[in-house]
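Colleague: Below, each chain spelled out in residue letters.
There are 2 protein chains.
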Amino acid sequence: MHVEPIRWRGDALELLDQRLLPREVRYVALHDAHEVANAIRDMMVRGAPAIGVSAAFGVALAAQRGDDVDAAAAELRKSRPTAVNLMWALDRMLRARDAGRDLTAEAEAMFREDVESCKRIGRFGAALLGNSVTVLTHCNAGALATAGYGTALGVIRAAVEGGKRVAVFADETRPYLQGARLTAWELHEEGIDVTLITDSMSGHFFQQGKFDAVIVGADRIAANGDAANKIGTYTVAVLANAHGVPFYVAAPLSTIDVHCPTGAQIPIEERSALEVTSINNVSIAPEGISVRHPAFDVTPSRLITAIITDRGVLRAPYEEAIREVFR
Amino acid sequence: MHVEPIRWRGDALELLDQRLLPREVRYVALHDAHEVANAIRDMMVRGAPAIGVSAAFGVALAAQRGDDVDAAAAELRKSRPTAVNLMWALDRMLRARDAGRDLTAEAEAMFREDVESCKRIGRFGAALLGNSVTVLTHCNAGALATAGYGTALGVIRAAVEGGKRVAVFADETRPYLQGARLTAWELHEEGIDVTLITDSMSGHFFQQGKFDAVIVGADRIAANGDAANKIGTYTVAVLANAHGVPFYVAAPLSTIDVHCPTGAQIPIEERSALEVTSINNVSIAPEGISVRHPAFDVTPSRLITAIITDRGVLRAPYEEAIREVFR
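Those protein sequence lines, which keep their order, are chains A and B.
When we follow my numbering, the leftmost residue of the first sequence carries the number 1, and every step to the right adds one.
When we follow my numbering, the leftmost residue of the second sequence carries the number 1, and every step to the right adds one.
Note that these hints are calculated values from the structure, not bench results.
Among the clues, some could well be false.
With a straight-line cut-off of 30 Å between C-alpha atoms, the simulated DSSO-like cross-links for lysine-lysine are [unchecked claim]:
| no. | chain 1 | residue 1 | chain 2 | residue 2 |
| --- | --- | --- | --- | --- |
| 1 | B | LYS119 | B | LYS164 |
| 2 | B | LYS210 | A | LYS78 |
| 3 | A | LYS210 | A | LYS119 |
| 4 | B | LYS210 | B | LYS119 |
| 5 | A | LYS119 | A | LYS164 |
| 6 | A | LYS210 | B | LYS119 |
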């Protein structure tokens, strides 16, 4: 099966409701920017590039309906704070509006460009992997996190398409279980070898020498290469570093926020305690307990072996490499 | 509330069914060694010292009923492979039988000694903590894991009783959620400040400088100080080491297996994939997926700041310290 998280119908945006996966494949049709903003906030769609493309279609819907485009963009901008692709996509749509361009065509272009960008990331990244490797990934930076194909999982797809033998370990990625529900599902659907583990198990398998590489996505990369990604990424990076395993971040240039000097300036969304204390609406913790739920963490660039972008592979010193690629 | 995992009724062993916590506090009465072995294997009771004491009562029940004590001990020995306290308790019961001692009295003595041992661990460990500290713990090495009071949480209890301000972060400890279901419940019941996080979050809070110490229990400690404990412990140890935070293992001497030279010789139980792919009988992963489920990992002694035992605090070089304490 070909995994399609986002379908554009010309006058409606259909999103695969990722909250129902892997139990149910259901698309929900959205007709205005407000519905798209709610879908992003409620995590019907997630993943930095997918959020960006969905928001662009939200602005296109506002323009089609004659709604206030600035107000639509403002509401969409607030739907998730950490992913910079959202801000990037909205800024691009507003510039297109200011230039008098057709906003539906602009959003459609962004969709196509996102898929192409993922395929380039895939090709650049696949070249970094050996012919027979086991790769650990965290969260879902797959087709489901983008317009299609994926960033981290795009590298896996490109390597498999290129004839390499790739076994993937997907950690489940608590609390929202994107690894168990999305990455394991997406790879299993496409016949790619995937093994599910809990987040607590990756250290043990690093210790056993199981992993040849780690590949993850990113929600925002600062100008110095520090990368915000799903909570738990930093732990995996520390483990990779302690075991001498390469740690790769795969992301399009739209994920790099050149106005953000370091990871310390990236806002970290704190989400609901309920996502920690209940799973599928069943409580797993005592009532009235204190809970913390930072949804992202920041991996300092010193722990990142390379950043695989749609414009090539960036390596330390990242500040120079990033300045160069944006020149 | 005073947490009592094990109640001896003279002719029956009542175990608090820990699988139902925190939703329900229910005791189950067991009348023979076979029922006790099943309860251990099915994790109605868990935690190395609690398993040991429960198994001792299982042997006592066999003796009371006139069942074959050797057969009972053999069945109990196979119920969980990693915790050495189980083997230690059974060996002690068989020696008591050989010496003609009353087995009920012997098991009762082991119960009392376990509580006393935890209180000594608590006192030795509390002296290592500052007056106002935040401690991360993993899994449940609490009253629920022992005859009462706990090992790692015994240190917390002793520190609180001694007037120290201790805030505890409990990671949830997937897949079996001992942190969320047991540690958070046990501490919350007793009014000790506890915050629940997922396993994936501890790295982020280490990075923020949140933790002053890590204290965990152990299921088996090798003669060189390597410690097997619940899966995920090794990851926490690597994180503590990377951030310069002391990593303490709290366990009675009965957890040290002097016949096991290093952690490499400790058998690691692989448990059912279902414990990973479903929570409260609700599936969270695609059907037919590959899963790994090592239930324990081994933390090498070089990552352990000190082992807090009922006979004092052991420090590197552990091989000498352990030889000395067993002399």
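Colleague: Check each numbered hint against the structure and report the violated ones by number, ascending.
Modeller: Of the numbered hints, just 6 does not hold.
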